[in-house]
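A.B. asks: This is what each chain is made of:
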Amino acid sequence: MKETQAQSVPFVSKCGRFGPYGGRYVPETLMAALEELEAAYREAKEDTAFQRELDGLLHQYAGRPTPLSLASRLTEKLGGARIYLKREDLLHTGAHKINNCLGQGLLARRMGKRRIIAETGAGQHGVATATVCALLGFDCVVYMGSEDMRRQELNVFRMRLLGSEVRAVNSGSRTLKDAINEAMRDWVTNVRTTHYLLGSVLGAHPYPEMVRDFHRCIGREAREQILAQGGRLPDAVIACVGGGSNAMGAFYEFIPDKQVALIGVEAGGRSSELGQHAARFRGGSPGVLQGTYSYVLQDQSGQIATTHSVSAGLDYPSIGPEHAALHDAGRAEYVAASDSEALDACVMLARTEGIVPALESSHAVAECIRRAPQMKKEQIVIVNISGRGDKDMGILTRELKL
Amino acid sequence: MIAFAHKPGLVAYLTCGDPDLQSSREIALALIDAGADVIELGVPFSDPVADGPVIQRASERALRAEVSLTQVIGVGAEIRKARPKTGLIIFTYINPVLRLGLDGFAKRLADAGIDGALVTDLIVEEAGEYISLMRSRELATVFLAAPTSTDDRLRRIAEASRGFVYAVSRTGITGEQKQLAGDAAELVRRVRRFTSLPVAVGFGVSNAEQFQAVGEFADAAVIGSAIVALVEKDGRNAAKAVEEFVRALRRQQVRANSIS
Chain W
1 MKETQAQSVP
11 FVSKCGRFGP
21 YGGRYVPETL
31 MAALEELEAA
41 YREAKEDTAF
51 QRELDGLLHQ
61 YAGRPTPLSL
71 ASRLTEKLGG
81 ARIYLKREDL
91 LHTGAHKINN
101 CLGQGLLARR
111 MGKRRIIAET
121 GAGQHGVATA
131 TVCALLGFDC
141 VVYMGSEDMR
151 RQELNVFRMR
161 LLGSEVRAVN
171 SGSRTLKDAI
181 NEAMRDWVTN
191 VRTTHYLLGS
201 VLGAHPYPEM
211 VRDFHRCIGR
221 EAREQILAQG
231 GRLPDAVIAC
241 VGGGSNAMGA
251 FYEFIPDKQV
261 ALIGVEAGGR
271 SSELGQHAAR
281 FRGGSPGVLQ
291 GTYSYVLQDQ
301 SGQIATTHSV
311 SAGLDYPSIG
321 PEHAALHDAG
331 RAEYVAASDS
341 EALDACVMLA
351 RTEGIVPALE
361 SSHAVAECIR
371 RAPQMKKEQI
381 VIVNISGRGD
391 KDMGILTREL
401 KL
Chain S
403 MIAFAHKPGL
413 VAYLTCGDPD
423 LQSSREIALA
433 LIDAGADVIE
443 LGVPFSDPVA
453 DGPVIQRASE
463 RALRAEVSLT
473 QVIGVGAEIR
483 KARPKTGLII
493 FTYINPVLRL
503 GLDGFAKRLA
513 DAGIDGALVT
523 DLIVEEAGEY
533 ISLMRSRELA
543 TVFLAAPTST
553 DDRLRRIAEA
563 SRGFVYAVSR
573 TGITGEQKQL
583 AGDAAELVRR
593 VRRFTSLPVA
603 VGFGVSNAEQ
613 FQAVGEFADA
623 AVIGSAIVAL
633 VEKDGRNAAK
643 AVEEFVRALR
653 RQQVRANSIS
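Quick mapping for you: the protein sequence lines, in order, are chains W and S.
Just so we're aligned, residue 1 is where the first sequence starts under this note's numbering, counting upward by one.
Just so we're aligned, residue 403 is where the second sequence starts under this note's numbering, counting upward by one.
If you're looking for bench data, these hints aren't it; they were derived computationally from the structure.
Some hints could be false.
Which residues of chain W face chain S? A few of them, derived with a C-beta cut under 8 angstroms, are [unchecked claim]:
| id | residue |
| --- | --- |
| 1 | Arg24 |
| 2 | Met31 |
| 3 | Asn170 |
| 4 | Ser171 |
| 5 | Asn181 |
| 6 | Val188 |
| 7 | Gly287 |
| 8 | Leu289 |
| 9 | Gly302 |
Glycine included, every Cβ here is placed at the ideal spot set by N, Cα and C.
Whole structure, please, built from the sequences with the hints as guidance.
C.D. replies: In structure tokens, the structure reads:
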């Protein structure tokens with residue numbers, strides 16, 4: 001494993017660790033709730049009735065399995081590897097986020113908690129949470145940075161339409177990180193009655209593991225589909241990485257298949273200067289943010305840096321701890337795509353395939369556009385289209401000036 | 403050293419570097435001279451998830467001046483020189499500590515003559531290396547006990563703590579509140595089953611009445627946001643207001659004692 005910059009890692013428990021990463025760094029008040037959640041999750045995982053209900057909802061409500069589409073015209077245009085798209089954008093609510101929200105929603109009901117809180121960046125997790133709360137009859141409060149509310153206003157309205165309260169967060173950079181701080185403050189206050197429906201593979205144990213498990217279906221389906229449609233395993237799987245839930249879901253089933261390259265794409269933003277991007281493996285170092293030990297963009301004295309990305313869903317200074325472990329072990333490779341590369345990729349996919357990807361997913365498409373032409377024609381790439389771009393029409397209108 | 407000479411003891415928190423380090427030093431000395439037993443030197447952090455709006459704003463002000471953990475320890479060293487006997491602990495989130503390195507952190511605290519630390523987001527299970535490094539330099543490790551902590555956890559928290567145990571009065575974040583939760587007395591009773599260390603109650607203790615009420619069942623009360631709010635109001639001239647605030651607490655205390 002690669003040498004990291006941290007001088008020491010204060011852990012004794014192996015619980016919730018991916019190599020040195022992960023763990024539980026929270027105020028004591030939350031520990032009872034985390035232990036309760038972990039126990040409930042372990043039970044539910046073994047409970048066939050729970051799994052049957054979840055599978056039923058994923059199938060009949062959310063729209064799983066999602067297709068694996070051969071992108072013929074994009075493949076032809078790039079002139080290299082054959083490109084397949086895993087179509088999480090076709091799920092109900094427009095992104096992969098619903099997988100996790102249905103799982104945690106059923107868990108909350110199992111624990112007898114009828115008030116749900118969540119954070120959201122792009123609004124996709126907020127919308128999926130609001131949707132599941134409407135479906136299950138829960139009260140729902142979503143915290144969202146006021147900067148993100150401005151750039152994703154359509155999703156703010158959707159959450160309110162679904163009966164959720166959206167609370168604006170005006171601290172810090174007014175984006176995802178600050179929304180999580182505020183959700184944690186709510187949780188620590190209302191912990192006895194409230195479930196925190198965290199939306200990525202972040203936070204204290206058991207969240208990173210649990211959220212990954214709820215998204216494993218992405219990679220499981222993709223693996224079966226590519227074997228059926230392409231006749232063999234892919235050479236690469238590409239996914240964007242904010243906190244990293246869609247990427248963990250897409251990667252996980254392929255981890256034992258050593259010949260499959262796993263490529264995570266971070267937000268390169270405007271430049272590589274601290275504060276101008278959200279590429280944690282390009283300038284970040286191990287540290288603790290919001291409950292977990294992972295790579296963090298921070299300054300010399302351990303203050304968390306501000307970040308920038310055109311896509312609100314990738315605009316976050318830390319990354320899921322399991323990605324940190326995959327990175328250090330060399331099992332996954334992490335690259336960055338800039339704002340402008342992502343915008344160009346969004347347009348190219350729209351015009352070659354008739355699919356408008358979310359700006360987050362556009363980062364994965366951008367890496368595919370760079371990589372596919374250098375690959376052989378018989379090679380196969382799967383790109384996870386984690387969400388659709390409908391929510392981004394405001395930004396796209398401003399940025400593209402078509 | 404950490405000892406509670408007064409009854410009840412007073413643990414006074416301030417966010418260091420708000421409005422600047424020199425003022426924090428003066429405020430701390432004023433707090434000590436007015437009757438604080440232990441000073442918690444708060445380290446500003448960009449993402450203070452356990453704190454309410456008052457301390458969040460103080461952290462933001464201190465961070466605008468780029469105040470770091472190393473500088474806060476420096477202020478601690480100065481206070482130690484000026485007041486050799488008062489209890490001094492660093493109150494921080496874990497990330498700035500990791501950035502310095504656990505061993506470097508413990509060494510600097512010992513060199514500065516600081517008595518110990520409380521790391522808000524470090525639970526006992528994750529604290530093994532921290533505890534042993536702090537112990538090797540005879541530094542106190544104060545841990546939080548919460549109303550939601552199970553007996554098993556309280557036992558581990560009591561065993562891991564040195565100096566005192568910090569009992570969180572209610573579920574929630576730091577900040578003033580009108581009424582002290584009934585949770586607090588019960589929690590102190592439960593903590594005492596596992597330790598003979600002093601127990602200080604914090605989160606939401608902000609006036610003389612609450613201070614006295616806590617004195618009925620705990621060894622000490624922690625006052626933080628009420629002090630930080632005075633600093634927010636008076637800025638560089640806050641030492642006087644802060645000193646007067648603590649003297650008033652103590653006067654009411656004397657009055658109450660003489661009535662009873």
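A.B. asks: May I ask which of the numbered hints given earlier this structure violates, with the numbers listed in increasing order?
C.D. replies: 3
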